[in-house]
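Just so you know, the protein sequences line up as chains P and F, in that order.
Just so you know, we're using this note's numbering here: the first sequence kicks off at 2 and counts up by one.
Just so you know, we're using this note's numbering here: the second sequence kicks off at 2 and counts up by one.
Among the hints, a few may not be true.
Heads up, the list lumps identical chains together, so a pair's fine if it works in one copy or across two of them.
[Unchecked claim] Quick list of in silico lysine-lysine cross-link-like pairs, BS3-like style, CA-CA up to 25 Å:
{"hint": "1", "residue 1": "Lys285", "residue 2": "Lys102"}
{"hint": "2", "residue 1": "Lys285", "residue 2": "Lys248"}
{"hint": "3", "residue 1": "Lys102", "residue 2": "Lys113"}
{"hint": "4", "residue 1": "Lys29", "residue 2": "Lys248"}
{"hint": "5", "residue 1": "Lys248", "residue 2": "Lys300"}
{"hint": "6", "residue 1": "Lys11", "residue 2": "Lys75"}
{"hint": "7", "residue 1": "Lys147", "residue 2": "Lys248"}
{"hint": "8", "residue 1": "Lys75", "residue 2": "Lys102"}
{"hint": "9", "residue 1": "Lys29", "residue 2": "Lys62"}
{"hint": "10", "residue 1": "Lys73", "residue 2": "Lys102"}
{"hint": "11", "residue 1": "Lys113", "residue 2": "Lys75"}
{"hint": "12", "residue 1": "Lys316", "residue 2": "Lys212"}
The set of hints was computed from the structure by calculation and includes no laboratory data.
All figures in this text were calculated on a predicted structure; none of them were measured in a lab.
2 protein chains.
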Amino acid sequence: MDIAHSYRDKKALITGGLGFIGSNLARKLLDLGAEVNILDNADPATGANPFNLDGIRQQVKVIEADIQDEAKVKEAVQGQDFLFNLAGEMSHIGSMQDPFKDLSVNAVGQLKLLEVCRVTNPAVRIVFAGTRQVYGRPMYLPVDEKHLLTPLDNNGVSKRAGEMYHIVYNRVHGMATCVLRMTNTYGPRMRIRDDRLTFIGWWFRQLLEGKPIQIFGDGSQIRDFNHVDDVMDALLRCAANPAAYGKIYNLGGEPITLLELARLMIAVHGSGEYEIVPFPEGRKRIDIGDYYGNYGLIKSEVGWEPHVPLRDGIKDMLEYYYQHKRHYL
Amino acid sequence: MDIAHSYRDKKALITGGLGFIGSNLARKLLDLGAEVNILDNADPATGANPFNLDGIRQQVKVIEADIQDEAKVKEAVQGQDFLFNLAGEMSHIGSMQDPFKDLSVNAVGQLKLLEVCRVTNPAVRIVFAGTRQVYGRPMYLPVDEKHLLTPLDNNGVSKRAGEMYHIVYNRVHGMATCVLRMTNTYGPRMRIRDDRLTFIGWWFRQLLEGKPIQIFGDGSQIRDFNHVDDVMDALLRCAANPAAYGKIYNLGGEPITLLELARLMIAVHGSGEYEIVPFPEGRKRIDIGDYYGNYGLIKSEVGWEPHVPLRDGIKDMLEYYYQHKRHYL
Numbered sequence: 002m003d004i005a006h007s008y009r010d011k012k013a014l015i016t017g018g019l020g021f022i023g024s025n026l027a028r029k030l031l032d033l034g035a036e037v038n039i040l041d042n043a044d045p046a047t048g049a050n051p052f053n054l055d056g057i058r059q060q061v062k063v064i065e066a067d068i069q070d071e072a073k074v075k076e077a078v079q080g081q082d083f084l085f086n087l088a089g090e091m092s093h094i095g096s097m098q099d100p101f102k103d104l105s106v107n108a109v110g111q112l113k114l115l116e117v118c119r120v121t122n123p124a125v126r127i128v129f130a131g132t133r134q135v136y137g138r139p140m141y142l143p144v145d146e147k148h149l150l151t152p153l154d155n156n157g158v159s160k161r162a163g164e165m166y167h168i169v170y171n172r173v174h175g176m177a178t179c180v181l182r183m184t185n186t187y188g189p190r191m192r193i194r195d196d197r198l199t200f201i202g203w204w205f206r207q208l209l210e211g212k213p214i215q216i217f218g219d220g221s222q223i224r225d226f227n228h229v230d231d232v233m234d235a236l237l238r239c240a241a242n243p244a245a246y247g248k249i250y251n252l253g254g255e256p257i258t259l260l261e262l263a264r265l266m267i268a269v270h271g272s273g274e275y276e277i278v279p280f281p282e283g284r285k286r287i288d289i290g291d292y293y294g295n296y297g298l299i300k301s302e303v304g305w306e307p308h309v310p311l312r313d314g315i316k317d318m319l320e321y322y323y324q325h326k327r328h329y330l
Numbered sequence: 002m003d004i005a006h007s008y009r010d011k012k013a014l015i016t017g018g019l020g021f022i023g024s025n026l027a028r029k030l031l032d033l034g035a036e037v038n039i040l041d042n043a044d045p046a047t048g049a050n051p052f053n054l055d056g057i058r059q060q061v062k063v064i065e066a067d068i069q070d071e072a073k074v075k076e077a078v079q080g081q082d083f084l085f086n087l088a089g090e091m092s093h094i095g096s097m098q099d100p101f102k103d104l105s106v107n108a109v110g111q112l113k114l115l116e117v118c119r120v121t122n123p124a125v126r127i128v129f130a131g132t133r134q135v136y137g138r139p140m141y142l143p144v145d146e147k148h149l150l151t152p153l154d155n156n157g158v159s160k161r162a163g164e165m166y167h168i169v170y171n172r173v174h175g176m177a178t179c180v181l182r183m184t185n186t187y188g189p190r191m192r193i194r195d196d197r198l199t200f201i202g203w204w205f206r207q208l209l210e211g212k213p214i215q216i217f218g219d220g221s222q223i224r225d226f227n228h229v230d231d232v233m234d235a236l237l238r239c240a241a242n243p244a245a246y247g248k249i250y251n252l253g254g255e256p257i258t259l260l261e262l263a264r265l266m267i268a269v270h271g272s273g274e275y276e277i278v279p280f281p282e283g284r285k286r287i288d289i290g291d292y293y294g295n296y297g298l299i300k301s302e303v304g305w306e307p308h309v310p311l312r313d314g315i316k317d318m319l320e321y322y323y324q325h326k327r328h329y330l
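With the rest of the complex left out, here is chain P (with noise of 0.2 Å):
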């Protein structure tokens, strides 16, 4: 399927888009001919940055408006084609400190923006960003979306409730709604100021100022990662393909141990060193143990797949931050 000329003059609204993968997705859509616009609440404890729009700030609407602002999102939804769903709370151990803003913004949020689509833009196609978080622990490796849901903080309880309403309203109400459930997803633009969203911003940014990567526990976990231009290529092919409608697909990448990947990232700097440490307290209790996604579904249905190495990925990113690293910290 040629994602080309699917979003040729076409309106797209990210939410999050000032976010990580969302400014990612800006830059794309805007490459493809679409119009684009973002609707954000500019917290930066999620991962928004002004300067993740540096060079295309006149080109894009932005709304600042968290999802749960009715009025903001109404207008902000009117006449979209496309809706590309990414904000959300994330944060594990936030999720702990704050269930109820974590289940506030990622259920009631999501449900608002999902009823003001009903009744403004049915017609709106929409893939929401999920998380493998939901999963919990895994049975078996690798997960594939047949593996039972049994989340271990309250943020994978609330990011399942927002993907639930996104089928519901798929099989109810007939909507053109898709789920990913993504993996670790690293890239230029992602927050690596502190571990609060994600582990390895935070060891990008160690290495970055010299300090040692700090891995927890005793680095054989296993996860898998996806460059934000592989998961962008999900976001794009799924959001065009009627095939993905009402679907929930995993991402995923290919399996590697933290304590490679520490040895990786240190290998494509040129320097750097590692060391293993005790998990924190309250961190230990919601890891998950070892986990990587089966993808083989959105695969044979949409013909995803990722195509970035990771020592490409970790360069790619690298160079942004030896260039930007000042607007991140």
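Please arrange chain F on chain P, whose structure you already have, making use of the hints.
Positioned in the frame of chain P, the structure of chain F alone reads:
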């Protein structure tokens, strides 16, 4: 396990205790020698009925408040040994009409309740009334707990969020929580006014008033039913048994088609008729097709299985309403 001794001189809080299952459970707990407290918002639309406490009103303490009322919940939870957590929105059709209220009670309310318990009474043993609605349309029968969860209405989403929070609070905070996924429950003190909550209450009313029982569709849909005595038995066994903590169990009964059920009700009543009518608009889209549950897990781990034959249960229920119908219309 001897349930009789587990509750003597113990304090038990029942949320939703003015409702169908809760009020029957209150009577049972009094019989077992427990001190019974009730927290209920007294909303007739959710099944609350003051007459349900007829004859035991002086023996129970009732706090009239919603589970979202943190101060009242704190007061209610204090010092309790057991919490039978039956409060909630249960209307499938209602959740499509007002999805925000449904989410607010079933997810935000449950999260508040759990937070209050965690902070003020973390040792309380909790059983949560879940629903088979979280499965959506079955992909195989009988449905076991490994079945994919694809709820077909907003109520399935919010109830699923509620049960996930109970499991997170077990896994992360070590609390004693258990979830029962109930199927169609029937018996004395259930709401029979209309079909907002259950079709079976409504069928009983039609039968009692000499009107034809209206069967939506073609009558071939399969369902399973539990008499409230069996459901109480499950609640009491699970709250008292550490093997159940952190677990999600299906309840379930003998499968029967709706047509057979209508005929059986008419036979037990001694007269009556039924008619096959098309699904009303809005109902068909959220109908789940055939369903019956596999209750092998709770049987093997907790020793529960249903004992009340459908014919006896129907007789029991009819006799209650022959006498008390006027309090339920």
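Consistency of the hints with the structure:
{"no.": "1", "hint": "Lys285 - Lys102", "result": "within (22 Å within a copy, 35 Å between copies)"}
{"no.": "2", "hint": "Lys285 - Lys248", "result": "between (32 Å within a copy, 21 Å between copies)"}
{"no.": "3", "hint": "Lys102 - Lys113", "result": "both (15 Å within a copy, 12 Å between copies)"}
{"no.": "4", "hint": "Lys29 - Lys248", "result": "within (24 Å within a copy, 45 Å between copies)"}
{"no.": "5", "hint": "Lys248 - Lys300", "result": "within (13 Å within a copy, 34 Å between copies)"}
{"no.": "6", "hint": "Lys11 - Lys75", "result": "within (18 Å within a copy, 52 Å between copies)"}
{"no.": "7", "hint": "Lys147 - Lys248", "result": "both (12 Å within a copy, 19 Å between copies)"}
{"no.": "8", "hint": "Lys75 - Lys102", "result": "both (22 Å within a copy, 20 Å between copies)"}
{"no.": "9", "hint": "Lys29 - Lys62", "result": "within (15 Å within a copy, 62 Å between copies)"}
{"no.": "10", "hint": "Lys73 - Lys102", "result": "both (19 Å within a copy, 21 Å between copies)"}
{"no.": "11", "hint": "Lys113 - Lys75", "result": "within (10 Å within a copy, 30 Å between copies)"}
{"no.": "12", "hint": "Lys316 - Lys212", "result": "within (18 Å within a copy, 75 Å between copies)"}
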